[in-house]
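As they're listed, the protein sequences go chains A and B.
168 is the number of the first residue of the first sequence in the working numbering; add one for each residue after it.
2 is the number of the first residue of the second sequence in the working numbering; add one for each residue after it.
Simulated from the structure, these hints should not be mistaken for laboratory data.
All values derive from a computational prediction rather than experimental measurement.
Mixed in with the good hints, there may be bad ones.
Claimed, not checked - Taking lysine to aspartate or glutamate pairs in the DMTMM-like style, the calculated list, with each CA pair at most 20 Å apart, reads:
hint	chain 1	residue 1	chain 2	residue 2
1	B	K106	A	E303
2	B	K82	A	E359
3	B	K82	A	E294
4	B	K351	B	D284
5	B	K82	B	E121
6	B	K73	B	E55
7	B	K172	B	E203
8	B	K272	B	E203
9	A	K390	B	E178
10	B	K118	B	E187
11	B	K28	B	D284
12	B	K216	B	D24
13	B	K73	A	E294
14	B	K106	A	E175
15	B	K172	B	E267
16	A	K390	B	D99
17	B	K120	B	E110
18	B	K332	B	E322
19	B	K74	A	D178
20	B	K332	B	D309
21	B	K74	B	D64
22	A	K185	A	E175
23	B	K272	B	E178
24	B	K73	A	E303
25	B	K324	B	E253
26	B	K74	A	E294
27	B	K351	B	E283
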Amino acid sequence: MIDSFWEEILDITLLSLKVSGTAVLIGALIGTPIGAVFGFRQFKGKRTLMRFVDVMLKSVINTFMGLPPVVVGLVVYLLLTQSGPLGWLGLLYTPTAMIITQLIMVVPIIIGVTMSAVGSVERAIRERALSLGATETQAAWLVLREARMGVLTSIIVAFGAAISEVGGIMIAGGNIRWWTRTLTTAIVTETELGNFTMALTLGAILLSMAFAINLVLTIVQLKGARR
Amino acid sequence: MPTVEVRNLYKEYSGRDILKDVDFSVKNGELFILVGPNGAGKTTLLRIVDLLEEPTSGMVLFDGQIVDYSSKKDMVALRRKMGMVFQRAILFNMSVFDNVAYPLKVRGEGERNINQKVKEVLELVQLNGFERKNALALSGGEGQRVAIAQALVTEPDLLLLDEPTANLDPKNVSIVEDTISHVNRERQTTIIMTTHNIFQAENLAHRLAFLNDGKIESIGTFQDVFEKPSKLVKSFAKLENVFYGISKITAEGTSAIDIGNGLQIEAAFKKNGTVRLHVPPEDIILSTQPLISSARNTFEGRIMQISDMGHVLKLKVKIAENKNFTVQITKRSFNEMQLSIGSKVYMVFKASSVQTS
Numbered sequence: 168m169i170d171s172f173w174e175e176i177l178d179i180t181l182l183s184l185k186v187s188g189t190a191v192l193i194g195a196l197i198g199t200p201i202g203a204v205f206g207f208r209q210f211k212g213k214r215t216l217m218r219f220v221d222v223m224l225k226s227v228i229n230t231f232m233g234l235p236p237v238v239v240g241l242v243v244y245l246l247l248t249q250s251g252p253l254g255w256l257g258l259l260y261t262p263t264a265m266i267i268t269q270l271i272m273v274v275p276i277i278i279g280v281t282m283s284a285v286g287s288v289e290r291a292i293r294e295r296a297l298s299l300g301a302t303e304t305q306a307a308w309l310v311l312r313e314a315r316m317g318v319l320t321s322i323i324v325a326f327g328a329a330i331s332e333v334g335g336i337m338i339a340g341g342n343i344r345w346w347t348r349t350l351t352t353a354i355v356t357e358t359e360l361g362n363f364t365m366a367l368t369l370g371a372i373l374l375s376m377a378f379a380i381n382l383v384l385t386i387v388q389l390k391g392a393r394r
Numbered sequence: 002m003p004t005v006e007v008r009n010l011y012k013e014y015s016g017r018d019i020l021k022d023v024d025f026s027v028k029n030g031e032l033f034i035l036v037g038p039n040g041a042g043k044t045t046l047l048r049i050v051d052l053l054e055e056p057t058s059g060m061v062l063f064d065g066q067i068v069d070y071s072s073k074k075d076m077v078a079l080r081r082k083m084g085m086v087f088q089r090a091i092l093f094n095m096s097v098f099d100n101v102a103y104p105l106k107v108r109g110e111g112e113r114n115i116n117q118k119v120k121e122v123l124e125l126v127q128l129n130g131f132e133r134k135n136a137l138a139l140s141g142g143e144g145q146r147v148a149i150a151q152a153l154v155t156e157p158d159l160l161l162l163d164e165p166t167a168n169l170d171p172k173n174v175s176i177v178e179d180t181i182s183h184v185n186r187e188r189q190t191t192i193i194m195t196t197h198n199i200f201q202a203e204n205l206a207h208r209l210a211f212l213n214d215g216k217i218e219s220i221g222t223f224q225d226v227f228e229k230p231s232k233l234v235k236s237f238a239k240l241e242n243v244f245y246g247i248s249k250i251t252a253e254g255t256s257a258i259d260i261g262n263g264l265q266i267e268a269a270f271k272k273n274g275t276v277r278l279h280v281p282p283e284d285i286i287l288s289t290q291p292l293i294s295s296a297r298n299t300f301e302g303r304i305m306q307i308s309d310m311g312h313v314l315k316l317k318v319k320i321a322e323n324k325n326f327t328v329q330i331t332k333r334s335f336n337e338m339q340l341s342i343g344s345k346v347y348m349v350f351k352a353s354s355v356q357t358s
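The shape of chain B in the complex, shown without the other chains:
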């Protein structure tokens, strides 16, 4: 079952092509990541692999067998070898235990088996002790971990993860990422995962594909795709605002990173030594006056360049020699603040917006 092949796949929704001639295969035990901006078709592609949707044309093969969409029995049997985690966890109005036991119950497992397996998987996602809580009363991060436990409890051959960490705080992100690598390493579970976080892709993926506007633009190892990135891959935001520096854990439990030119960035993670860090352009707040705020990082700079991205603008802000930030801002705020090239601005971002690999 685990070898997944997607061949010449097209998917059309009311006249719009969501996926165009997508073609790739994932080997047994591989951790394959689909990277790309929002709206690229990543979720649709995963849903097709999970047999929740039929392609308009093209095919999906599991272990060389073409999926037969006319046989409901085959579909159920195939789905039972997979586990899927949606970007936003959909949990049932019942206890955490019952939520995680559900996939086993529909497979007709015995009670003793169920108790044992649920217990093990809840330990894996660090939710032991949560058994009797109502799943809908959990925080977003805990809820997502329940969803992951649901997908893992059956020990699937193939695990599909749709942006599993997109809406989580750093602590939950690291639990989820650890779980993913653990399962891939220890159980040799084949994993197909989507993300728009390039750092995550670099950390986890054996191989990845860059999906843009429904097409695979580039496929291979991280180096293949991102060392000599095409213009398109480059424009995919996350290569902006990347800095290297020396990190020191502070007394408050955050990290202060010296990025040179006398500049220091404060981050919510705890790390010592050389780090590569990244600040998402959309997380940076721009103002014309120094802001008094709870955000830990404030820098003064000048607008060097303005690029029009449609409904938003990307500004290049220089805060020191060779230290440029890309800041994303709406056209409306840009006009309201009466900004232009050469304007003096203040950039503010939270310590928790600073990501690292």
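If we strip away everything but chain A, and leave its shape as in the complex, we get:
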């Protein structure tokens, strides 16, 4: 009895880490370069059209950064459901569906935070590097290096958002025991069933993870703020 209790908790925790970890990893691979490119593009729009594009782009990214997870879950559900356009993939109610849902959520966060990190150092660092004899490429590398704290922050923030998210993976993953049940969705279920020991244990694990994430984030920011 006790064994199966901890076994299930371990299974749930590992799945949560796997789903959110994979989503953030893929999200970083997609979001960091895009965020960097958008960051580099800032300040360069002198013409009205460029300014307009810049403003629209930022507004869209900011909107997507605050995307309600339930809405993402719903869209993913409608895409993957049997009669949906991607129904033939048979991915609904699988960890993959959950990863897709969280990926859609975290990519804008990573793009947005990376973009502002790169944008905030771009002009000054690029010019300084050029004046010291760097080529444009060498200067761009240095800008990325100087923005590294921001890039790291974006990844940690994204992971924090993903691991504590519930609505999206509930809809796309279906909260199936031993299969697609994560820390957050399990807490919902166990609470409804009155299994408060289980719910509280899972809650404690989630809380410790959130604390660990914020601890790292604070350390990173303190290190980065030594100017």
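Chain A is already provided as a structure; the job is to place chain B on it using the hints.
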């Protein structure tokens, strides 16, 4: 490369002319200083020479060659013969060593060369021992010296310095000024530097140009420009509040300067003998009551003259026969203190505000 020529240069930003028909040349090994008030276009001019900006019209020539802005390769090659120091140091979030090594690394220098050159240049700016510190953790003065080391480590033919001492304390100012003259003297590095400190210009420059509102008003040696200054050059604040006196180093390590009429000014520098000193009008605090403050110099005087400079006022305050100070004050404080010609006022300024040549 070192001969720099700027020909009929114009620079326009959103419809405003920042530089208007600027024309000058700097010879090999020369230390050329651009003086002028803030907003005169000095920084823009330096940035154009450093190829960070393109002129709207006119041209820049290095050693007789017109700069070709369409060739990125040429631009990099030219920039690699120059070193630039911005007014506010922009340092990278890495160690002092890595900051100073960066210009060498982008040029593909070998590690042994890099170690040697960084070591030498850090000694020159008196930062040996700072190698492993993070550059962003340094004080303003130390940071500026790192920036100077970055510019000097490649032994550039042309060194561009934008107000390199503007925000530094006296100790750092003297280290930076010594470095500048050393490099110019020992390496024959051609230097173009901007400053709004006339004393610095007099001390360092072989030749200087007075830049005002985007135009060169006057160019030549210090004597040419400032001995018989035009009204415009005169109005450029720093010829105000100039006094001569006999300086004596005090027990506290400051200097007490007797400027005549029984008046004594205390200064943060250490000098004995005859000095010429200057107190920036914007550093003087005016009050209607005697102030109790940490500032070492307090004088009582009367307002003799009021001139309107736009958003600020300049007041002529007489503290003794033939001893007039110019004090800069905002219109608002002037009104709040209900001042007028003949008002009795107290002038206060710090010992560290007193400059000398």
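Here is what the structure says about each hint:
1. Under the criterion of a C-alpha separation no larger than 20 Å, the hint pairing K106 of chain B with E303 of chain A is consistent with the structure, at around 14 Å.
2. Among the hinted pairs, K82 of chain B with E359 of chain A is inconsistent with the structure: their alpha-carbon atoms are about 73 Å apart, more than 20 Å.
3. For the hint linking K82 of chain B to E294 of chain A, the alpha-carbon distance of about 16 Å falls within 20 Å, and the restraint holds.
4. Annotation: proposed proximity of K351 of chain B to D284 of chain B holds, straight-line Cα distance about 8 Å (limit 20 Å).
5. A threshold of 20 Å between alpha carbons decides the hint, and for K82 of chain B with E121 of chain B the separation of about 19 Å falls inside it, so the pair holds.
6. Restraint check for K73 of chain B and E55 of chain B: the C-alpha separation of about 13 Å stays at or below 20 Å, so the hint holds.
7. Proposed proximity of K172 of chain B and E203 of chain B is supported: the alpha carbons are some 19 Å apart, at most 20 Å.
8. Taking the CA atoms of K272 of chain B and E203 of chain B, the gap is near 18 Å; set against the 20 Å cutoff, the hint holds.
9. For the proposed pair K390 of chain A and E178 of chain B, the alpha carbon gap of about 33 Å is over 20 Å, so the pair is violated.
10. Proposed proximity of K118 of chain B and E187 of chain B is supported: the alpha carbons are some 16 Å apart, at most 20 Å.
11. For the hint pairing K28 of chain B with D284 of chain B, the CA-to-CA distance comes to about 36 Å; that exceeds 20 Å, so the pair is violated.
12. Between K216 of chain B and D24 of chain B, the direct Cα distance comes to roughly 9 Å. Compliance with the 20 Å bound is thereby established for this hinted pair.
13. Taking the CA atoms of K73 of chain B and E294 of chain A, the gap is about 14 Å. The hint holds against a cut of 20 Å.
14. A distance of roughly 54 Å separates the Cα atoms of K106 of chain B and E175 of chain A; the hinted pair therefore is violated under the 20 Å criterion.
15. Annotation: proposed proximity of K172 of chain B to E267 of chain B holds, straight-line Cα distance about 17 Å (limit 20 Å).
16. Using a Cα cut-off of 20 Å, the hinted pair K390 of chain A and D99 of chain B holds, with the two alpha carbons roughly 18 Å apart.
17. For the hint pairing K120 of chain B with E110 of chain B, the CA-to-CA distance comes to about 15 Å; that is within 20 Å, so the pair holds.
18. Note on K332 of chain B and E322 of chain B: the hinted pairing is violated, with a Cα-Cα distance of about 27 Å set against a maximum of 20 Å.
19. For the hint linking K74 of chain B to D178 of chain A, the alpha-carbon distance of about 58 Å lies beyond 20 Å, and the restraint is violated.
20. Of the supplied pair hints, the one linking K332 of chain B and D309 of chain B holds, its CA atoms being roughly 9 Å apart against a limit of 20 Å.
21. The suggested pairing of K74 of chain B with D64 of chain B holds, with an alpha-carbon distance near 18 Å, which does not exceed 20 Å.
22. For the hint pairing K185 of chain A with E175 of chain A, the CA-to-CA distance comes to about 15 Å; that is within 20 Å, so the pair holds.
23. The straight-line distance between the Cα atoms of K272 of chain B and E178 of chain B is roughly 17 Å, inside the 20 Å bound, and the hint therefore holds.
24. Distance check on the hinted pair: K73 of chain B and E303 of chain A sit about 9 Å apart at the alpha-carbon level, within 20 Å; holds.
25. With a CA separation close to 27 Å, the supplied pair K324 of chain B and E253 of chain B exceeds the 20 Å bound.
26. Of the pairs offered as hints, the one joining K74 of chain B and E294 of chain A holds, with about 16 Å between alpha carbons and a cut-off of 20 Å not exceeded.
27. With a C-alpha separation of about 12 Å, the suggested pair K351 of chain B and E283 of chain B falls inside the 20 Å cut-off, and the hint holds.
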